[in-house]
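*Asks:* Protein sequences appear in the order of chains A and B.
Counting in numbering that gives the first Met the number 0, the first sequence runs from 0 upward without gaps.
Counting in numbering that gives the first Met the number 0, the second sequence runs from 0 upward without gaps.
Read the hints as simulated data drawn from the structure, not as lab findings.
Don't take each hint at face value.
[As the list claims (entries may be wrong)] With a Cα cut of at most 30 Å, we get these calculated DSS-like pairs of lysine-lysine:
(1) A/Lys-173 to A/Lys-146
(2) A/Lys-640 to A/Lys-15
(3) A/Lys-614 to B/Lys-43
(4) B/Lys-43 to A/Lys-71
[Said to hold, decoys possible] Here are some chain B residues the structure puts well away from chain A; computed CB gaps all over 12 Å:
(5) Gly-94
(6) Ser-102
(7) Gly-140
(8) Pro-162
Backbone N, C-alpha and C define an ideal beta-carbon position, used for all residues, glycine too.
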Amino acid sequence: MKFDTRAGTNPIDQLKVIGRATDRIDGPLKTSGTAPYAYERSDVAPGQVYGYVVGSAIAKGRIRSIDLTEAKAAPGVLAIVTAADAGPLGKSKRNTAKLLAGPDIEHYHQALAVVVAETFEQARAAANLVRVDYARGKGRFDLDASKPAAKMPEDEPDKRFGDFEGAFAAAVVKLDARYTTPDQAHAMMEPHATIAAWEGDRLTLWTSNQMIDWAVGDTATTLGIPKENVHIISPYIGGGFGGKLFTRADAVLAALGARAAGRPVKLTLTRPMIFNNTTHRPATRQRIRIGCGRDGKITAIGHESWSGDLPGGQPETAVKQTELLYAGANRLTAMRLSVLDLPEGNAMRAPGEASGLMALEFAMDEMAEKLGMDPVEFRVVNDTQVDPMDPKRPFSQRQLVKCLRDGAAHFGWARRGLPGRVRDGRWLVGMGVAAAFRNNMVQTSAARVRLEQDGTIVVETDMTDIGTGSYTIIGQTAAEMMGVPLDRVVVRLGDSRFPVSAGSGGQWGGNSSTAGVYAACVKLREAIARQLGLDPATAVFAGGKVQDGGRSMPLTRAGALVAEDTIEFDKLSKEYQQSTFGGHFVEVGVHAMTGEIRVRRMLAVCAAGRILNPKSARSQVIGAMTMGAGAALMEELAVDKRFGFFVNHDLAGYEVPVHADIPHQEVIFLDEVDPISSPMKAKGVGELGICGVGAAVANAIYNATGIRVRDYPITLDKLLDRLPQMT
Amino acid sequence: MANVTEMEISRRGVMAVGAASAMLAPLPAGAQVPAPKAVPVTMKVSLEVNGTRRDLEVDTRTTLLDVLRENLHLTGTKKGCDHGQCGACTVMAGGKRINSCLSLAVMHQGDEIVTIEGLGTPEKLHPMQAAFIKHDGYQCGYCTPGQICSAVAVLAEIKAGIPSHVTAELTARPMVTGAEMRERMSGNICRCGAYSNIVDAMADVAGADIAGVKA
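Using the sequences provided together with the hints, build the complete structure.
*Replies:* This is the structure in structure tokens:
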């Protein structure tokens, strides 16, 4: 099904199942511990043995030699694979660094070897006996030092509109400020894990991966085998946030280990290895310039960002939202990319926007203050309903102003005091606001839907559920389309034998994958109607029956039927700018003596198209708000600039929010349907919640204390010497 | 550690040949030979897991967590960090919640172990499991069994009058408040960020004032 005209009324609009707050259909399995994750499939591939990865102890250089004598002699060892004996390996274009290093080392903890043994304990012990002789090379690990040599990325040229420099110079009120964000880790709870089994030259991977079809192709490319020989199974994924978008070392080394050992191999990356072996959100250095008239209207807006990555890597696209979020006739956005020999930078939840809005929405707060305007009003004044650089291109929907105004009313924004003036006992109390913004991308997505003899509807698609609620919204979509209750729908996900879906990334999965299911259901409805001698155009599917022209028949009368289709998006996604919006409101307390920061209240008001399942959508938003609070207050991969690695590479050193850090969170979804986005009229919501929330926290800290900390995370040591004098 | 003497290894010997081979067999102190092929040191251990006695012979290096997951295939107990930093492996041992990754299986001879599978099943959910579903107190589901085991234990700890860091008066009974629950649950990380909903689920099970928790 090609989606190239605005969606009209369709069966989804009935909202009998869609749009209702629905418990997740995978809930009983997940809460009882019976949902099987990748490492837990003892029911498949008999004779599994254990793999253990050896990571590089240097960040840059070469392996002179590896001595495997002791390791090979260790009890239980079945095989050891290094680059020297792995055979020729390819590299997917989605991987920047090789997944098995040697002889060259590209980054710290890059995998060098996999040890396969009968038990986990044996594999671990033997891995510690692998002796590597390194020739340490000189690496580049300091983003600030690398800035002068940074280059404009080839596929991300500077964007100019009007005369930014001239307009900024002439502006009556100006801000020119610099912000920094650190490297951050996904730190999903389930470590990367894979069970690999070969049957002849065919490989099956039970793994934890967000993008099944990418995994098939990239595994094939890496191992040099045909794509059709790779079978990927990933029905339950213990979090990803972008960290499991790609085939990683666990998959490749399990496959190589299994081939060498002649046995199925199960392998997980250990927690301390994940932070340097896999990908992370790169640090940024950002400069924002805003020029305004006295009326608060932006006349010039410029956003520049510097980031680093391995050779051949990509920039953190932190300036992207600034192209679209606010009006202004004169604009500049630019990125510069340095070569760094730190581990590979790549996508983490809302890549670009999450870091970019931490700076932009901080700058908007500073500018509002310079103008003497309320920060909500300053944003409202600069709203735009069209692409500022292409005014013929409207937003399909844009309710940012309502998000901010409704949020302000609901949160009690009017009670916000002057910076450093509101006290609650020993706590300085402040409120902050920020806009949330994230584009709605749409992706081709296919599904197969089957009517079983007994009336059960079975949906199969390689879509993944990484905690997002895909199982449930896909089930709801099929139930709505086929006129059956949700409990008559069986949803099967995450298997490369199923039709190729959009996968989970870029908050495109929910809308795109359900639109694919919609398309397949339209086909199945036609097949059923024809089978029953009814007119597919007018047949109504409801209550397990099909009705048309006074005739009513149970679905089961049609017998078993199957249909498959693909939703493909066309020009609508170019003619209109599709984006999601929100307003974040945060109240913090800062301890007047210690500088301890506590988040007291959080509210997000979101406009993101039709909300397919308000229960799981709300969870997506509160989860993203939590991660954003972490980014504002604690998350930072500490770079050792001498040896080139992230020092705090476990869950004690890399601090993420815990229960005690997060108060009750509130989310309000505005009524919105977006017929431009898909037949579902929905948009993405998985990343919107992290966009801007960090700045709202920072702005609240300023309001509480009168202190601007432009270097994230805002930890108490950055406040201590500047806290208001005690009287 | 009754078996230490049987192994007859000097501290110097351990350091010289490495921890792995030290587990294997007696070696003369200062031996420099590569580790010989040998079976790992194993021990018999009996656990009472979810009400069923399980007699096992395990590698002495095997954690309680790995015995549950790898030997008994009770994979509801999750390995998130293997270092006691995330709480995903929380189980009850002898009636108290522990990180099962932080103790060796052989330290639990005779212990009663309750895992998530022992709390309830998909067909017959424990009230806490049902409340997590009702309040959407999970997303990816990987930390969830540990959260649920901790949540059940936390309510019991509050009921038993055990104070926490945020209990204002040590002599007064702690109450089921948002602050008490959040403090006591803080060893269980949820990266998906379901905290707000988890506390709602716990309050629901405790019969506490949810509106009060939300305030």
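*Asks:* Could you grab the alpha-carbon distance between A/Lys-640 and A/Lys-15 and see if it respects the 30 Å cut-off?
*Replies:* violated, 57 Å
*Asks:* Taking C-beta pairs only, is B/Pro-162 more than 12 Å away from all of chain A?
*Replies:* The claim stands: B/Pro-162 keeps its Cβ more than 12 Å from every Cβ of chain A (closest is about 16 Å).
*Asks:* Within 30 Å, alpha carbon to alpha carbon, are A/Lys-614 and B/Lys-43?
*Replies:* The given pair, whose Cα atoms are some 48 Å apart, is violated under the 30 Å limit.
*Asks:* With 12 Å as the threshold, tell me whether B/Gly-94 passes as away from chain A on beta-carbon distances.
*Replies:* holds, 20 Å
*Asks:* Confirm or reject the statement that B/Gly-140 sits farther than 12 Å, beta carbon to beta carbon, from all of chain A.
*Replies:* Contrary to the label, B/Gly-140 does not stay out of reach of chain A, its closest Cβ about 3 Å off (not over 12 Å).
*Asks:* With a cut-off of 30 Å on the C-alpha distance, tell me whether B/Lys-43 and A/Lys-71 pass.
*Replies:* Holds: B/Lys-43 and A/Lys-71 sit about 28 Å apart, inside 30 Å.
*Asks:* Hey, does B/Ser-102 actually stay past 12 Å from chain A on C-beta?
*Replies:* B/Ser-102 clear of chain A: closest Cβ-Cβ about 15 Å, beyond 12 Å.
*Asks:* What's the verdict on A/Lys-173 and A/Lys-146, does the C-alpha distance respect the 30 Å limit or exceed it?
*Replies:* Holds, because 25 Å separates the two Cα atoms, which is no more than 30 Å.
The structure shown violates the earlier hints numbered 2, 3 and 7.
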